[in-house]
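**Q** Listed below, chain by chain, are the residues.
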Amino acid sequence: MRLIQGNEACALGAIEAGCTFYAGYPITPASEIMEWMARLLPKMNGTFIQMEDEIASIAAIIGASWSGAKTMTATSGPGFSLMQENLGYASMTETPCVIVNSQRGGPSTGLPTLPSQGDVMQARWGTHGDHPIIVLTTSSVLDTYEMTVTAFNLSEAYRIPVILLLDATISHMRENIEIPEMEIIDRRKPANITGFKAFADESFLPFGVGEQKVVTGLAHGEDGLPRASDGENAEHMLRRTYERMENNLDEILHYKTYHLDDAEMLIISYGITSRASKAAVQILRKEGICTGLLDMQTLWPFPEKLINELARNVKGILMPELNLGQMVMPLKAAVEGAVPVKSLTRADGQLFTPDQIAEAVMEMTDSRVCVEVTKGNNQINGGNNHA
Amino acid sequence: MPKTGHDLSKYLRQEMMPNVWCPGCGHGNITRGLMTSLDRLQIPLNEVVVIGGIGCSGRTPFYVNTNAMHTTHGRALAFATGTKLANPDLTVITTMGDGDTAAIGGNHFIHACRRNIDITALVFNNSIYGMTGGQAAPTTPTGEKSTTTMYGNIDQSFDVVNLALAAGATFVARTTTFDFQDIPDMITRAIQHPGFSVVEILGQCPTYYGRINKLGDASQMLDYEKDLTIPQGYVSREEMVGKKPIGIFREETRPEYTQQYQNVRQKAGVKYDS
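For the protein sequence lines, the chains are A and B, in the order given. Residues in the first sequence are numbered from 1 upward in steps of one, following the numbering used here. Residues in the second sequence are numbered from 1001 upward in steps of one, following the numbering used here.
Calculated from the structure, these hints are not laboratory results. Glycine included, each C-beta is placed from N, C-alpha and C at the ideal position. Hints may contain errors.
Taking lysine to any residue pairs in the SDA-like style, the calculated list, with each CA pair at most 20 Å apart, reads [to be verified]:
| hint | chain 1 | residue 1 | chain 2 | residue 2 |
| --- | --- | --- | --- | --- |
| 1 | A | 43 | B | 1266 |
| 2 | B | 1010 | A | 195 |
| 3 | B | 1214 | B | 1154 |
| 4 | A | 197 | A | 226 |
| 5 | A | 43 | B | 1263 |
Per the computed footprint, the stretches of chain A lying under chain B, defined by three or more beta-carbons under 8 Å from a beta-carbon of chain B, are [what the hints assert, rightly or not]:
| hint | region |
| --- | --- |
| 6 | 17-26 |
| 7 | 333-345 |
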């Protein structure tokens, strides 16, 4: 067992996943990630560089990824905003890379030291244009370690940039964890180096290996050459990377469930809020309200099929989140009006208490039929959790 | 392509022809100079990465038959820093316009100079934003016209060479498309230089800068370049007034960044035990 901080767990997870290149710029509450990477990477024969800003940081990790490195940068809201243009470039060029955003209160400089979940929509739609992206989040120090490794695994496997959302609390809190053994996935090598097309599928060759490659943010064909006026090709290439996500949802969608079997009421939450939600489930069950929890670890692509199915077995759904109601929008779309969906929000830089969440569920139901369960950890890891 | 001594066709990405540049554009002269340098240096083309920004100059990587990265506006050097640092065996060259270099990417430019990483930055300076239709650049001379300075530019223009010298670049040179035979010499020396090297090439944009400022066609603009510049070090101070000096302004050795990082790795010592 080791007592470590969330940001340290993120750095250790990155090293475990095989990260050999980190570029970043200091920002609260993410700075410890770069401090750890600055200390660890040179020991592993890897490379750390402190860039002049966040725009340069994400540019450098994309450039390094095309030199064959597994790469990461970490930031918080203001820096994440600066990264958006090059995030689109990473998506357009199918460049494996991991971008960590430890969320703090926004907009603008906002609440620099206080937690928030206000960037969940920006993480999906921050850069311009349709684009494939995977967004993961975490609710504990152990989770942060595992999800960092998972972020690298997914990015390398599918050549899609992966965003890992932490928050000021997860980043800075310390927990005792046993570092788990995890499967590590590397970039797929093509069957043939000769005639390799850099944008035919998930396989990848870096600069310097095989023939010369062309990489551009313009719409392009499978050979990478720009086709900037060929809209039909552009849509084809875009749909192809979307399908890469859609066809691998079993691998991409990670979640945990808690007391779902007999649940009449369902709490769906993510990140730090899921800790209070879990305690709220225990409070509610003492009160006789059969409640379960879905803790989403993958936010995007949104697990709409799973939620649509769960909604059919419950009488109501509560979504608490540390923003003014963002993920509740795709949630309502997924539920398709099958049951009432209630949004519980706060954006004052404070966390929900379990009582607040429990009270919000109580207001939704008169049912008091549940038999109190023992405090055993009836928790199931969902999706393809490699932990 | 006219054959003057060497056939450079293997350095040209034929499938990208015809190029997007206007008739009379200076970018072709610079690109030919780059290809001549690659021919002289004989570095395997798959070990060279040419990284461009956005604009007319940013298209250069498509036309040179090396690895090509066409990035975002102003960010070529930031991408290049990652590419070079993660694999120092690659020869990394950036092609940037004056807007890439001195406006939107100014921060990356001065920090690359400061860092002294072994990248060669070619600055295609045509004093205007060409691809977007002739707007003022940070290099548009004071008083000159563009589509956004119809009444004369009131801004002080950036001198890219002085900027690079002040920021600490270890190889700094300037030439022009009029002096086209000097271009491959300058670029070759810049690539061979073990550190961050900057070559600013003044070139003509007859379509916008020339037309708006009534400087005539491409050949008249070349004459204008000749009159505007003077080889530095050979003339008196009085003769330099109103002229832009050309030549090599600095060529010195300072520890190179990727080499320095090897020292960091050694100091960091043995493998981290988690």
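**Q** Please go over all the hints and tell whether each is borne out by the structure.
**A** Here is how each hint holds up against the structure:
no., hint, in the structure
1, A:43 x B:1266, "8 Å, holds"
2, B:1010 x A:195, "18 Å, holds"
3, B:1214 x B:1154, "19 Å, holds"
4, A:197 x A:226, "13 Å, holds"
5, A:43 x B:1263, "11 Å, holds"
6, 17-26, "holds (count 3)"
7, 333-345, "violated (count 0)"
Of the numbered hints stated above, the single one contradicted by the structure is hint 7.
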